Amino acid sequence: MYHIRLVSLFSLFIPLLCCGATLQPDSVVTEKKKVKQDAIYKEKELSDVSVVGKDRTQRLREGAFSVNAVNIGDKVNSINDITDIINRTAGVKVRTQGGMGSDFDLSVNGLSGNSIRYFIDGVPLETKGAGMKFSDIPINLIQRIEIYKGVVPSSFGIDALGGAVNIVTKASSPNTSTPPPYLDASYSIGAFGTHQLNVNGQYVLPKTKLILRPVIAYNHSKNNYTMKEVEVWDEESRKYLPTERKRFHDGYTSFLAQFEAGFTNMPWADAAFITASFSQMHKELQTGATQSRVYGMAERESKAWNIAARYVKRNFILPKLDVKFSASHTWDNSITTDTCFRKYDWNGNFIKSSRSEITSRERSRRHYGRPLTNVLLNLGYTFNDNHQLDFNYSLNRIGNKQWDDVSEIFIPSNDVLAKHILALTYNQLLIDDRMKNTFFIKDYVNHLSVEQTYIPSVTNSRDVMGSNTNSYMGAGAAMSFEIWRALGVKMSYERSVRLPLSRELLGNASTIYPNLALRPEESNNWNAGIYGTIHLGNAHSLEYDVNGFIRDVDNYIQPTISEKEGMIQYGNLDAINVKGFETELRYIWRNRMHATGNISWQNARDRMQLKSDGKPSATYNNRVPNRPWLYANLNLDYEFHNILSRNDRLTLSAAYQWVHWYFLTWEAYGYAETKARIPRQNIFDATATYSFHNGRYNITLGCNNLFDHLAYDNYKLQKPGRYVYAKFRLFLQ
1 MYHIRLVSLF SLFIPLLCCG ATLQPDSVVT EKKKVKQDAI YKEKELSDVS
51 VVGKDRTQRL REGAFSVNAV NIGDKVNSIN DITDIINRTA GVKVRTQGGM
101 GSDFDLSVNG LSGNSIRYFI DGVPLETKGA GMKFSDIPIN LIQRIEIYKG
151 VVPSSFGIDA LGGAVNIVTK ASSPNTSTPP PYLDASYSIG AFGTHQLNVN
201 GQYVLPKTKL ILRPVIAYNH SKNNYTMKEV EVWDEESRKY LPTERKRFHD
251 GYTSFLAQFE AGFTNMPWAD AAFITASFSQ MHKELQTGAT QSRVYGMAER
301 ESKAWNIAAR YVKRNFILPK LDVKFSASHT WDNSITTDTC FRKYDWNGNF
351 IKSSRSEITS RERSRRHYGR PLTNVLLNLG YTFNDNHQLD FNYSLNRIGN
401 KQWDDVSEIF IPSNDVLAKH ILALTYNQLL IDDRMKNTFF IKDYVNHLSV
451 EQTYIPSVTN SRDVMGSNTN SYMGAGAAMS FEIWRALGVK MSYERSVRLP
501 LSRELLGNAS TIYPNLALRP EESNNWNAGI YGTIHLGNAH SLEYDVNGFI
551 RDVDNYIQPT ISEKEGMIQY GNLDAINVKG FETELRYIWR NRMHATGNIS
601 WQNARDRMQL KSDGKPSATY NNRVPNRPWL YANLNLDYEF HNILSRNDRL
651 TLSAAYQWVH WYFLTWEAYG YAETKARIPR QNIFDATATY SFHNGRYNIT
701 LGCNNLFDHL AYDNYKLQKP GRYVYAKFRL FLQ
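Residue numbers for the sequence shown follow my numbering, so the first one is 1 and each next one is one higher.
Hints are computed from structural coordinates only; laboratory data are not their basis. Quick caveat, the model's predicted, so the values are computed rather than measured. Heads up, the beta-carbon is just placed ideally off N, CA and C, and yes, glycines get one too. Some hints here could point you the wrong way.
To be verified - Pair ranges (Cβ atoms, derived):
1) L379 / I189: 46 to 54 Å
2) K611 / R495: 23 to 31 Å
3) L652 / N386: 22 to 30 Å
Unchecked claim - Here are the computed lysine to aspartate or glutamate pairs in the DMTMM-like style, where the Cα-Cα straight-line distance is at most 25 Å:
4) K228 / D345
5) K246 / D648
6) K343 / E299
7) K352 / D432
8) K228 / E639
9) K716 / D121
10) K615 / D685
11) K716 / D685
Using the sequences provided together with the hints, build the complete structure.
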């Protein structure tokens, strides 16, 4: 209506303006033309002006800690699994044991496995249930990914040795205004019978300002990709021959439902939310820790219910006192079924056996009840703009109740593992915020109560029966200094302690034996590096990071495999030294072209010269096996705008990863020509995403492992071959 009225008024003045124009002298007309031309020139000049600022990810990379920060941004349209993004960053390697839903191992600066901790908005991922994996997290929820290397901020309240991965969601921080309602839904279909559905949204009740955030995520895959060069018995030649066979018992299904309700920017809270979630997982087990053991009936399933609350308030009770508090409880139950006395091959055929598939022992249907309580409290007092003192406390208490429906010899038990971590941190901002310093001290308290006595000769359960409590101290410091825009330096150090996880101490009821005699890891972690941003003009910019690191680890917790049973058990290596470097270069042009390249070298070696009996160790100075030590990534994204309609966008992406070959077992074992090796990897990925109607509709076609190269991963387990998928995303705001 207002638009029509303005047009009508303007039409009344047109004759007057035209008549007036004919009566004006030439000098006035010329002057007006000049003013108009100047305005046009100014408009053109302003269109070339670019404003330079630092987003959250860049500020993190330039902070005191060694950290990779990846902004998901438009990548949410094209990716299905966040491990693909994590695996392309410098110093980080993700290795899976198969397709969707399989166990994975993440290495950061040479330390891997359980030395790395995983979080969603600063809360441990395990609160969503032990069956919850990175690939199950809805991509649409994620804002950025933070990967801390070696030294981890005390605010996480953890005992990580190698680092931490924090998934930051869009709803993680208080909003400066009333958040807008939206609906974000995506569906993906791909090879190997893969389907993924993610739906999340936000709605604000106008009168109460109550924010409602529902989330639903569903993932399913048959994982029936082709295994190459597996040995199958050939009746004609009467021997085992390498051939190709599809996986036939590797299906995976997961479901997550979550509902969050709360308020932001209220007088009594900057953010206050209550969250309830339910997750469910079902996994058919195809192999053990090695692909020579084939299963055909064994399976694992889990269910988890979680309720959580979080509260954030600046100037809490006292001016300049900030508080962040979160608490959650998870009822987590899993069942591993191993009741079939059969021995399968890759043809899907079987013969009767006198032992079960997984443990090669009696039939079992093992129940694991693992109630988890997690509490995190952060108090921060700001003396002024340059000095702040923080106190952090975290509690992580997990139960381990076991019973069996089938086994007659298994003795039920109820173990408890509790960790208390306290930290005091002093933060400084100096020299116009160009220098950032952090100093901290930590106390790690570990409490273990053990009842189980199952297979004591293997699990060492008799050695640690009853309850025991131990305390360990740690401390560290981190510093960064921006000399000028193109050059900054950073350093960090921590004497770190990593308490064993429940799965290392207590097993997982399927492929991991307990080891109740595990000792905590202790490490001296050093990081040093340089960074900078160079603006080349015409909206061209170049960012770089170069980092070196040293890890001296005592009592390193390393998984070992029983080839006969295909089972894993964690044990301590007395001393491991890891050193290396990584470098990453990022090129950006007008937010249209993004190119990233990185290379990482890691040298992890056994430093114990003598064994426990005083004899020389054969593995002294050997590189730690089953771990990539040299790899590189190249990534390129380019955007085309206004292709078919205004404000549409076509994004073409390509990624390449190269991994040097490495030994599967210790170098000292076996003859050089017969040593097991994991071969060199060359993997190409490509995607094309078309977005239109201002990003409301998005269509992606992608292909992982474009050239179908044979690729191995953890313990030489084959990865899926060429994977083609299509993704559709709808975003309404």
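Hint check:
Look at L379 against I189: about 48 Å separates their beta carbons, and that is inside 46 to 54 Å. As the Cβ distance of K611 to R495 is approximately 27 Å, the hint placing it in 23 to 31 Å holds. Between L652 and N386, the C-beta spacing of about 46 Å breaks the proposed range 22 to 30 Å. Proposed proximity of K228 and D345 is supported: the alpha carbons are some 14 Å apart, at most 25 Å.
Of the pairs offered as hints, the one joining K246 and D648 is violated, with about 41 Å between alpha carbons and a cut-off of 25 Å exceeded. Proposed proximity of K343 and E299 is supported: the alpha carbons are some 15 Å apart, at most 25 Å. Restraint check: the Cα-Cα separation between K352 and D432 comes to about 74 Å, which exceeds 25 Å; the hinted pair is violated. For the proposed pair K228 and E639, the alpha carbon gap of about 37 Å is over 25 Å, so the pair is violated.
Under the criterion of a C-alpha separation no larger than 25 Å, the hint pairing K716 with D121 is inconsistent with the structure, at around 33 Å. Distance restraint check for K615 and D685: the Cα-Cα separation of roughly 49 Å exceeds the 25 Å cut-off, and the hinted pair is therefore not satisfied. For the hint pairing K716 with D685, the CA-to-CA distance comes to about 21 Å; that is within 25 Å, so the pair holds.
Violated hints for the displayed structure, listed by number in ascending order: 3, 5, 7, 8, 9 and 10.
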